[in-house]
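Participant: Listed below, chain by chain, are the residues.
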Amino acid sequence: MHKNSAIKSFFIEIGELIYFAGRFFKEVFSRPFEFKELLRQCYNIGNRSILLIGVTGFIIGLVLTLQTRPTLQEFGAESWMPSMVSISIIREIGPVIIALTFAGRIASGIGAELGSMRVTEQIDAMEVSGTNPFKFLVITRILAATIMLPILVIFGDAIALYGSYIIENAKGDVSFVLYFNKVFKTLEFSDLIPATIKTFFFGFAIGLVGCFKGYNCKKGTVGVGKAANSAVVYASMLLFILDFIAVFITDIFFEI
Amino acid sequence: MNQTQNILDDTKKQNAKKLMLEIVDLRKSFGDNHVLNGFNLELFEGENLVIMGKSGSGKSVMIKCLVGLMQADSGSIKVMGKDITKLNRVELDNIRTEIGFLFQGNALYDSMTVRENLEFPLRRHKKKLENINDTTLLVTEALESVGLAHAINLMPSELSGGMKKRIALARALILKPKIILYDEPTSGLDPITSKEIIELMRRVQKQYKTSSLIITHDVDCARVVSERMILLVDGTNYAEGTFNELALSNDEQVKVFFK
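Chains as they are written, first to last, in our numbering: chain A, 2 to 257; chain B, -7 to 251.
Hints are computed from structural coordinates only; laboratory data are not their basis. One should not assume that every hint holds.
To spell it out: a stretch of chain A is covered by chain B in this simulated footprint if at least three of its residues, at any positions, have a beta carbon under 8 angstroms from a beta carbon of chain B; those stretches are [stated by the list, open to error]:
#, segment
1, 118 to 128
2, 131 to 137
Calculated lysine to any residue pairs in the SDA-like style (CA-CA distance at most 20 angstroms, straight line) [as the list claims (entries may be wrong)]:
#, chain 1, residue 1, chain 2, residue 2
3, A, Lys136, B, Glu83
4, A, Lys136, B, Val59
5, B, Lys56, A, Gly221
6, A, Lys220, B, Asn80
7, B, Lys56, A, Leu65
8, A, Lys37, B, Arg107
9, A, Lys136, B, Tyr101
10, A, Lys220, B, Lys56
11, A, Lys136, B, Gln96
12, A, Lys219, B, Met62
13, A, Lys219, B, Lys56
14, A, Lys220, B, Glu83
15, A, Lys37, B, Arg115
16, A, Lys220, B, Glu108
17, A, Lys27, B, Asn80
18, A, Lys136, B, Phe22
19, B, Lys198, B, Arg220
20, B, Lys56, A, Phe135
21, A, Lys27, B, Gly154
22, A, Lys27, B, Arg220
23, A, Lys37, B, Thr128
24, A, Lys136, B, Lys198
25, A, Lys37, B, Gln96
26, A, Lys220, B, Lys168
27, A, Lys37, B, Lys168
28, A, Lys220, B, Asp85
29, B, Lys168, A, Gly221
30, B, Lys78, A, Glu128
31, A, Lys220, B, Lys198
32, B, Lys78, A, Lys9
33, B, Lys56, A, Lys27
34, A, Lys37, B, Arg220
35, A, Lys9, B, Gly23
36, A, Lys220, B, Arg81
Since the model is a prediction, treat every value here as computed from it, not as a measurement. Even for Gly, the Cβ is constructed at its ideal location relative to N, Cα and C.
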């Protein structure tokens, strides 16, 4: 019985999330547009994540190179290192790990912020003052997350490749120009474009889940904590599902 | 005779105050919990009407229905003659500019300064105040009316409880509404600050010539500000009258409120 009600509430929540997404698409194209708030959110989201994503990207590059190098060395294939690292970072590891980091930082932040605004009646106050809080709070945050994640992923990928170069330079005495020549010779648009397109969807999903959880927060301060926490869990889960779909579609069109 | 009657009716109509708010047979339930059971209310121009009731008697639900934050199950809510239950989003937002709302917890926007908090309602509805284009002037005027002009650049976290209440009142006044709704205006405040807020409410009403609907269980507040009172019990009008009439009532349920 308890199991049934848990399953039921899960599907109800999925339905509500879909309805919430539908409301986003209905209202995003209608006036008034909150450009100023959108820019402020882009700045906030970018500013709040850039250091974390820079560090994450750098460590991904270092670790991936350090762990792969001995195996390639065994087969005398160290020269393949830039190609291998760049493809794995650009296609998959970069977007997914950076998006997960972004989800941890932004989905929880949005969930907690909107959640506390809900329980302290700030959202009601906006509504009463004749401003549509959905437009001002939700649409701007979802759009900002959708716009900023691809930019942050490109930035994180670049830092990851630089981290990889540092290890290659230290262990194999490879120059900066040689390393990045190999990287750019290997990479094709079919690597970069699908990987970048999917990050727009990742950003949208993270913004959507964070806003959904925060905007519909209930039960006081306990609810705020739950909203922040479940926003990260749901967003991460959604990322993997979207990643699978993206890889599946890319395989059809680009034959990876 | 008929002519005399007509003249008398006309005179009565002219003397009668304008009806600002009218609630008829309002009902709202949450599952089996019937919160409002046919509540009725009339608020006239310039009047201070206090609604008292125990916790859970439906006061907050009623006030939320009044501004469209909640949908009533049945009944009508007319704000200055317009039934808000039948308005679309734009019409509802326009009518909301005629209503100032002081929330129980103040509901100041944490991430904005006092100035930004006050400017927020002006973003979409500045055109309502046709003759004034200077936002700063409006903000300063509203802050001066609550005696906090110096707090313009502070963040809500830097304000005391009483200051927050005053700023929230200034924000409720910024669009020069005709009606102000106060949800527990003195809750969580010490007795001295409560008195200051009550005094401020009276002063503001004179300055802005508003009609006020005050929800409270603070008897002192009700005594000072009310011209008429409604006691809300189990979601319906239990008793109605002036403060003195109700305070002197022999009804046991009414006496409880004034102990």
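Participant: Run every hint past the structure and note whether it holds.
Facilitator: Hints and how they fare:
{"no.": "1", "hint": "118 to 128", "result": "holds (count 8)"}
{"no.": "2", "hint": "131 to 137", "result": "holds (count 3)"}
{"no.": "3", "hint": "A:Lys136 x B:Glu83", "result": "17 angstroms, holds"}
{"no.": "4", "hint": "A:Lys136 x B:Val59", "result": "19 angstroms, holds"}
{"no.": "5", "hint": "B:Lys56 x A:Gly221", "result": "18 angstroms, holds"}
{"no.": "6", "hint": "A:Lys220 x B:Asn80", "result": "29 angstroms, violated"}
{"no.": "7", "hint": "B:Lys56 x A:Leu65", "result": "56 angstroms, violated"}
{"no.": "8", "hint": "A:Lys37 x B:Arg107", "result": "17 angstroms, holds"}
{"no.": "9", "hint": "A:Lys136 x B:Tyr101", "result": "16 angstroms, holds"}
{"no.": "10", "hint": "A:Lys220 x B:Lys56", "result": "18 angstroms, holds"}
{"no.": "11", "hint": "A:Lys136 x B:Gln96", "result": "25 angstroms, violated"}
{"no.": "12", "hint": "A:Lys219 x B:Met62", "result": "15 angstroms, holds"}
{"no.": "13", "hint": "A:Lys219 x B:Lys56", "result": "16 angstroms, holds"}
{"no.": "14", "hint": "A:Lys220 x B:Glu83", "result": "31 angstroms, violated"}
{"no.": "15", "hint": "A:Lys37 x B:Arg115", "result": "12 angstroms, holds"}
{"no.": "16", "hint": "A:Lys220 x B:Glu108", "result": "28 angstroms, violated"}
{"no.": "17", "hint": "A:Lys27 x B:Asn80", "result": "16 angstroms, holds"}
{"no.": "18", "hint": "A:Lys136 x B:Phe22", "result": "28 angstroms, violated"}
{"no.": "19", "hint": "B:Lys198 x B:Arg220", "result": "17 angstroms, holds"}
{"no.": "20", "hint": "B:Lys56 x A:Phe135", "result": "18 angstroms, holds"}
{"no.": "21", "hint": "A:Lys27 x B:Gly154", "result": "41 angstroms, violated"}
{"no.": "22", "hint": "A:Lys27 x B:Arg220", "result": "45 angstroms, violated"}
{"no.": "23", "hint": "A:Lys37 x B:Thr128", "result": "19 angstroms, holds"}
{"no.": "24", "hint": "A:Lys136 x B:Lys198", "result": "36 angstroms, violated"}
{"no.": "25", "hint": "A:Lys37 x B:Gln96", "result": "30 angstroms, violated"}
{"no.": "26", "hint": "A:Lys220 x B:Lys168", "result": "34 angstroms, violated"}
{"no.": "27", "hint": "A:Lys37 x B:Lys168", "result": "26 angstroms, violated"}
{"no.": "28", "hint": "A:Lys220 x B:Asp85", "result": "27 angstroms, violated"}
{"no.": "29", "hint": "B:Lys168 x A:Gly221", "result": "32 angstroms, violated"}
{"no.": "30", "hint": "B:Lys78 x A:Glu128", "result": "17 angstroms, holds"}
{"no.": "31", "hint": "A:Lys220 x B:Lys198", "result": "39 angstroms, violated"}
{"no.": "32", "hint": "B:Lys78 x A:Lys9", "result": "34 angstroms, violated"}
{"no.": "33", "hint": "B:Lys56 x A:Lys27", "result": "26 angstroms, violated"}
{"no.": "34", "hint": "A:Lys37 x B:Arg220", "result": "45 angstroms, violated"}
{"no.": "35", "hint": "A:Lys9 x B:Gly23", "result": "19 angstroms, holds"}
{"no.": "36", "hint": "A:Lys220 x B:Arg81", "result": "27 angstroms, violated"}
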